[in-house]
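Turn these sequences into a full structure, and let the hints guide you.
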Amino acid sequence: MKKVSVSFTLNGDPVTSEVPITWSLLKTLREYFELNGAKKGCGVGECGACTVIVDGDAVSSCLYPIPEIEGRSVTTIEGIASADGALHPLQKSFLENNGVQCGYCTSGMIMSAKSLLDQNPDPTEDEIRTSISGNFCRCTGYIQIVEAIGMAAKESDRKELLNFP
Amino acid sequence: MSEYLYVGKSIPRTIETDKVTGRAIYIDDLKRPGMLYGKILYSKYAHAKIKNIDKSKAEKLPGVRAILTGYDIPDVRVGFIKDQTVLKRDVVRQFRDEVAAVAAISPEIAEEALDLIKVEYEELPAVFDPVEAMKEGAPLVHEVDARGRPLKSNLLPLPWKFYAGDIETGRKASAYTVKDSVSTTWVNQCCMGPSGCVAEFDMNNNLTLYDQTNVIHLGKQRIMEYFAQIGLKGKKVRVVNTIVGGSFGTKLDTDIYEFICMQLALKTRKPVKILFSREEEFFALPPRQPAIFDIEQGCDKEGRLTFRKCEAILDNGAYTSWGATTPSVMMMPMSSLYRVPNVSFEATCVYTNNIYCQAMRGYGNPQASFAVETSMDTLAEEAGIDPAEFRLINRNQSGDETPQRLKITSCGMEECINSVKEKLDWDKKKKDKKKARGVGMASLIHVAGGARVYMSDGHGIMIKVDQNGWIDVFESGTDQGQGSPTVISQIVAEALGFKPEDVSLTMGDTGLSLWDAGTHASRHTFMAGNAAIRCCEKVKKQILDMAVQYMPKLIKGGFKRKKRKDPDFVEPDLDYSLISNPENLDIKDRMVFPRSDPDHPYFKMDVREIVRSGLHVGVGDSRVVVAEEFYDPPTEMLDREMKGNLSMTYAFGTTGVEVEVDEETGEITILKLIAAHDVGKAINPTLLLGQVYGAVYTGVGYGLTEEIKVVNGRVMNPSFRDYKMLTAKDVIPITPVVIEPGDEDGPFGAKGIGEPGLVPTAPAIANAIYDAIGVRITDLPITPEKILTALNNKQ
Amino acid sequence: MIDYDYRKPQSLKEVFSLFKEYGPKATMIAGGTDVMVKIRNTKKAPEVLISLRGLKDLRYIRKNNGYHIGALTTHRMLEQSDLVKTELSALHDGASEVGSVQIRNVATVGGNICNAAPSADTSGPLLALDATVVLEGPEGRRSVPIADFFTGTYRTVRKADEVLVEFRIPPEMEGFGSAYWKHSRRKAMELPLLGISVALKLSENKEISDARISLTVAAPTPIRAYKAEEFLKGKPLDDDVLREAGKIASSRDCCSLRDSLRCAAWYREKIIQVFVPRMARLAAERIRN
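Chains as they are written, first to last, in my numbering: chain A, 1 to 165; chain B, 1 to 795; chain C, 1 to 289.
Possibly wrong hints are sitting among the right ones.
[Said to hold, decoys possible] From chain B, some residues computed to sit far from chain A (all C-beta separations above 12 Å):
| id | residue |
| --- | --- |
| 1 | 10 |
| 2 | 23 |
| 3 | 108 |
| 4 | 117 |
| 5 | 178 |
| 6 | 268 |
| 7 | 384 |
| 8 | 393 |
| 9 | 436 |
| 10 | 479 |
| 11 | 480 |
| 12 | 561 |
| 13 | 606 |
| 14 | 632 |
| 15 | 701 |
[As the list claims (entries may be wrong)] Dumping the calculated DMTMM-like pairs for lysine to aspartate or glutamate here, alpha-carbon to alpha-carbon at most 25 Å:
| id | chain 1 | residue 1 | chain 2 | residue 2 |
| --- | --- | --- | --- | --- |
| 16 | A | 40 | B | 29 |
| 17 | A | 40 | B | 108 |
| 18 | B | 44 | B | 722 |
| 19 | B | 729 | C | 82 |
| 20 | B | 729 | A | 125 |
| 21 | C | 43 | B | 111 |
| 22 | C | 85 | A | 155 |
| 23 | B | 794 | B | 414 |
By construction, these hints were calculated from the structure, which means they are not laboratory data. C-beta atoms are modelled at their ideal positions from N, C-alpha and C, and glycine is treated no differently.
Printed below as a string of C-alpha cells:
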C-alpha cells in the first residue's frame with residue numbers, strides 16, 4: 001500500500017501527514033489527527049455526518065481522497081471555537097436551542113451551517129434548510145436546528161461568525 | 001408555576017458541550033489498547049442447510065487473529081424465547097443469519113477475511129408471508145423449540161389474548177358497526193450513530209462491555225445468564241455506555257452482535273470492537289414490527305363506543321426479539337384508547353424467513369393506534385358524527401378505570417382534541433370543504449409513569465454533595481440524546497435548592513449505579529426524577545442537620561472577626577432559635593435560610609460555606625453528605641388476563657393534520673400539523689419540544705415515505721439513498737401544543753413524552769387524506785402510487 | 001483490500017501520457033463522488049486513479065457565441081451562477097438538485113455526464129438544451145452532440161483515454177425558456193424516479209415555435225421525446241395541447257419505461273403525463289425577450 005505525504009492547513013495550523021494513499025480525508029482526520037468530531041455515518045456520502053469545510057466549502061470528507069487535500073485549508077468542528085475557548089455562535093445556539101440531541105449528526109450539521117453563514121450571514125429559512133439538506137438527523141426533526149442556525153446568524157455579527165478559523 | 005427556579009425553564013444543554021465541540025466519545029471513537037476489529041459473515045440464503053464452512057484461507061490472511069463459526073462456540077440459545085444461537089450451526093433461517101465472525105487488526109483486513117471464508121449451503125424451501133406460513137404444509141422455520149421438542153407449526157408459543165366484557169353484548173347494543181383491515185410494514189429506526197460495542201475481558205475473564213444499550217442492568221443479567229452456560233459462571237460483568245448516537249428502540253435487547261463480540265474477545269484475549277456499517281444497520285438490525293389488523297368497532301345511537309374487536313397477525317421473522325412482545329403494548333390502545341366497554345384483542349405471531357423485529361419508538365402503539373384510529377373515523381362516518389365530536393364523546397377522563405384496569409389520573413385528552421380543533425379551524429374546514437384538501441385527527445394513550453413489564457420497575461439513584469457544594473448524581477438510567485442530564489440536573493437543583501450547574505451526572509454504567517429497569521416506555525424522567533426528589537429530601541436533611549450545627553458557629557465567628565477589626569462593633573442580638581431546628585430551615589438557589597424569615601440579614605447563608613465547614617473536620621467529626629433512594633412505584637404487574645395498572649399515570653395527546661392532495665400525482669402536502677400533548681408538566685420546555693418534533697417527523701415518515709423493502713427475505717434498500725427518511729428540505733409545519741394539567745405522581749407533575757409524539761401521526765394523516773379525497777389507504781406507508789390507484793378505483 | 005495509486009496530472013498532456021503508461025489499469029476521477037462511492041460499494045478499485053482536478057482551466061462558465069461550460073465546473077458553481085439560472089434554467093434546476101450541498105461542492109458536471117447514470121440530473125437538461133460534448137484525446141479534439149453521447153446505462157462514446165473538456169450550448173438556446181423537474185419521494189438526497197426537461201420557444205403570436213423535451217430514467221439512456229416535440233411545434237400553448245404532448249412523451253413512441261424496485265412503470269408514465277405540461281408552462285414563463 002503506497003503512502004502519500006500531504007501538507008495542508010488544518011484548523012489554522014500547517015500540518016503534514018503521511019498516510020496510505022487510499023485513505024479518505026475522514027479517515028485521516030480521525031485516525032491520523034485523532035479528531036473524532038467528523039463521523040462515519042455511512043461512508044458513501046449519503047448522510048452528512050462526516051461534513052467538514054475545505055477551502056470554505058462544505059464537503060463529505062468520507063469521499064474526499066486524501067491526495068487532493070494538498071495545499072488546501074480544512075476546518076473541522078474542533079477548530080471553530082476561538083483560541084481562548086469561547087464557543088462559536090453556532091455551538092452556543094445549538095446548545096441553547098436544543099439543536100443537539102444525541103449529537104451524532106451535530107459536527108457535520110454545524111460545519112454545513114458554518115459554511116453557509118460564512119458565505120451568507122443573513123440567510124432565509126429556505127437557504128438554511130438547503131445548506132443542511134445533506135445532513136440527516138433522526139432525533140430533532142430539524143426544526144430546532146434550523147432555529148439555532150437562524151439564532152446564530154441574528155445574534156452575531158459577521159466578525160464573530162468569521163473570527164474563528 | 002413560576003414558583004420554581006429551574007423546573008419549567010428551558011435551561012440550555014451546557015452540560016453536554018462535548019457534543020458540539022467534537023469531544024463526545026461515541027462507540028466509533030472508543031479505542032482500547034490492543035483493540036481488534038470484528039466483522040460478521042451473513043447468510044447468503046433465506047433458508048438453507050449449512051453443509052460446510054471452510055475458513056482455512058481466511059485464517060492465513062495476515063492480521064487475522066480469530067475466526068469463529070457456530071461450531072467453535074457452545075451452542076447456547078439466547079433471546080426472548082431462546083430460539084436463536086449466537087453463530088448458526090446446521091441451518092440458516094434468514095438472510096442476516098450470522099454464520100461466522102472474524103477479529104483482525106483492522107476493519108479492512110477483517111472484511112477481506114470474510115470474503116475468503118467459503119460456506120457451502122443447500123437451499124431449503126422458505127416462506128415469506130405470515131398468512132402463508134400459518135397454513136398447513138408451509139415450510140417450518142424452526143423444527144424444534146428451545147427445549148428440543150418438535151414444533152408442528154410456525155406459530156409462536158406466544159398467543160396474545162385480551163378480553164374484557166363481552167363482545168356479543170356490545171354488538172347487540174350497537175346502532176352502527178364497521179369492519180376494517182389495515183396493515184403496517186417494517187421501518188428502520190435510523191439511528192445516526194451505528195450499532196456497535198467493545199468487549200474486553202480482564203485476566204480473570206471478568207467482562208467490561210462498552211456498549212450503547214438502554215438497559216445496562218437487565219443487559220448485564222442477560223450476559224451473566226449467557227456466561228453461566230458457556231463456562232464463565234460467576235464471572236463479573238460491567239456494562240458501560242459511551243455517548244449514544246440514538247436508540248429509538250434498537251438498544252433494548254442484547255443483540256447477537258454483542259454476544260459475537262464477547263466471543264471474539266474471549267478467543268483473542270484482546271478488546272474487540274464490532275461496529276456496524278450503515279448497510280448492516282439497514283439489513284442486520286431488527287426493525288419495527290409489522291402487523292396486519294382486522295378490527296371491528298360499534299357504537300350506539302349517541303355515538304358511544306359499544307365494543308372493539310381486533311385480530312392481529314405479526315410476521316415474526318426467523319427469530320424472536322421484542323417485536324413479538326409488541327402485542328402486550330398494543331393491548332393498551334386496544335383496550336384503553338377512548339372509553340370502550342367490551343374489548344377483544346388477539347395477536348398471533350408467526351415465524352417466517354423474513355427479518356425479525358425489535359422495539360421501536362412506540363413499541364406497538366403506533367401500529368395498533370393506526371388500526372384503532374382508522375376504525376374510529378370509519379365508525380364516525382357510519383354514525384354520521386363529526387370525527388372530532390366522536391372522539392370527544394368517547395374521550396378518556398380523569399378517574400376512569402379502563403378495561404385493562406389502567407387507572408387514569410391526570411388526563412388532558414379533551415383539551416388536546418379541542419386545541420387541535422381550534423388550531424386547525426376544524427369546524428370551518430369541514431363545512432367549507434376545499435377540493436383535495438382535508439383535515440384529520442388521531443389521539444393516543446401511552447404509559448407515562450413507568451411501565452411494570454418486569455417484576456421491578458424501579459430506579460435507584462445516589463446523590464452526594466462534596467465540600468465545594470458540587471453535586472454528584474449517580475443515576476441508573478441511560479441517555480440516548482433526549483437530554484436527561486439537563487433535565488435531571490434541573491430536578492436535582494430544584495429539589496435540593498442548588499443550581500443546575502452544580503450538578504454532574506454519571507449514567508449508563510452498572511458499576512456506578514444502583515439499578516434501573518431501563519430507559520424505555522418513556523419512563524426515564526418520571527422514574528429518575530421521582531427517585532431524585534426523594535433522594536434530595538434525604539440529602540437536604542443531612543445538610544440542614546449540619547446547618548443547625550455550624551451556622552451559629554460561623555455567624556458568631558464572623559462577629560468575632562469583625563470585633564477584632566473594629567472594637568466598636570456591637571454583636572447584634574439574634575434569635576438563634578430560628579436556626580436551631582432543621583425543620584425550620586430550607587435551601588433555595590444555594591442559600592440556606594429560615595422558613596419563617598427567608599430574608600433574614602444574618603441567617604441567610606451560602607450552603608457551600610456550610611458544607612465546607614461541615615465535612616472532614618476532624619477525628620470522629622468527619623462525614624460525607626450522601627443518600628440513595630430506590631423508587632419503585634406502587635403499580636401492578638399485568639395479571640394472567642393481561643390486566644393491571646402497570647403505570648402510575650398515562651400520557652394523552654392528539655395530532656391533527658391538514659393535507660392537500662395533488663390528484664394528478666398522488667403526492668401529499670402537509671399544510672399544517674398540530675401536535676397537542678398532555679405532558680403533566682414540562683420540566684424543560686425546549687427539550688420537550690425537541691422530543692415532540694423528532695417523534696412527529698418519524699411519524700410522518702412512518703405514514704408517508706418510509707418502508708424497508710423486503711423481497712423474498714432480502715432487504716432491498718439498505719441505504720439512506722433508498723430508504724426514505726425525511727430531510728431538512730421536507731418541511732413539516734408543526735404547531736406544538738403543550739398541555740400541562742400537572743400530575744400528582746410525576747416529578748414536579750411531569751409525565752413521559754419520548755414516544756407519544758410519534759403514535760398518532762400516521763393515522764391522523766390517513767384520516768386527513770380521506771377527508772380530502774374520499775379514499776382511505778389502509779396500509780402504510782401511504783405512497784403517491786397507492787393514492788393514485790385508489791383514486792382510479794374510486795372512479 | 002482496496003488498493004490503488006493516485007496521480008495528479010496538472011495538464012491534459014500529462015493525463016494522456018499517464019494513460020499511455022497505464023492503459024486499462026487506469027480510471028479518471030474528477031470530484032470523486034461517483035468513483036469513490038463505486039469503489040466503496042463494490043470493494044473493487046482500478047490500479048490507478050488519474051485525477052483531473054489539477055486541470056484548473058477546465059472550470060468556467062462563459063457566454064461567447066453560445067454557452068461554454070468547462071467540464072470541471074462543479075454543480076455548486078452552476079447553482080450559484082446567475083447566467084445559468086436565467087438563461088439555462090433547466091440546467092440550473094438540475095444542478096441545484098443533485099444530492100446535497102456537500103456533493104454539489106465537489107461533483108463536476110463533466111463527471112456526472114461521463115458516469116452516464118440513467119438518473120443523472122444534468123443529462124436531461126443538457127439534452128434539452130442541445131448541448132455538444134467536446135472530448136479531447138491524445139489524437140486531438142472532437143465534438144459529439146449529447147444526443148449521441150450516451151450508448152447505454154453507464155456507457156458513453158468517450159474512449160478511456162479521452163477527457164471530456166467542455167459542454168457547448170448553441171447561441172440559439174438563448175431564445176428558449178427551459179425547466180427541469182426531478183420527481184422524487186423527498187426533497188433532497190435523492191436520485192430522480194423520473195426527470196423531465198422542457199425547453200420552449202414561442203413565436204410572436206404565442207405559438208410554440210420550437211420545443212425540446214428530454215426524459216431521464218425513462219430509457220437506458222437519457223432521451224429526447226422527438227415525437228412529442230414535433231407535435232408541439234406550431235401549436236398554441238394551451239392545456240389540451242400540452243396534455244397531448246405529455247401523452248405522446250410517455251408512450252412507447254418516445255420512451256421505454258421499466259418497473260423497478262424504486263418505482264413502477266405505470267407511475268413513471270403518469271408522471272411524464274403530468275409534468276411535461278407543467279414544465280412546458282414553467283419554461284414558457286422563463287422565456288426572456
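- Violated hints - listed by number, lowest first: Hint check: 1, 2, 3, 10, 11, 15, 22, 23 fail, others pass.
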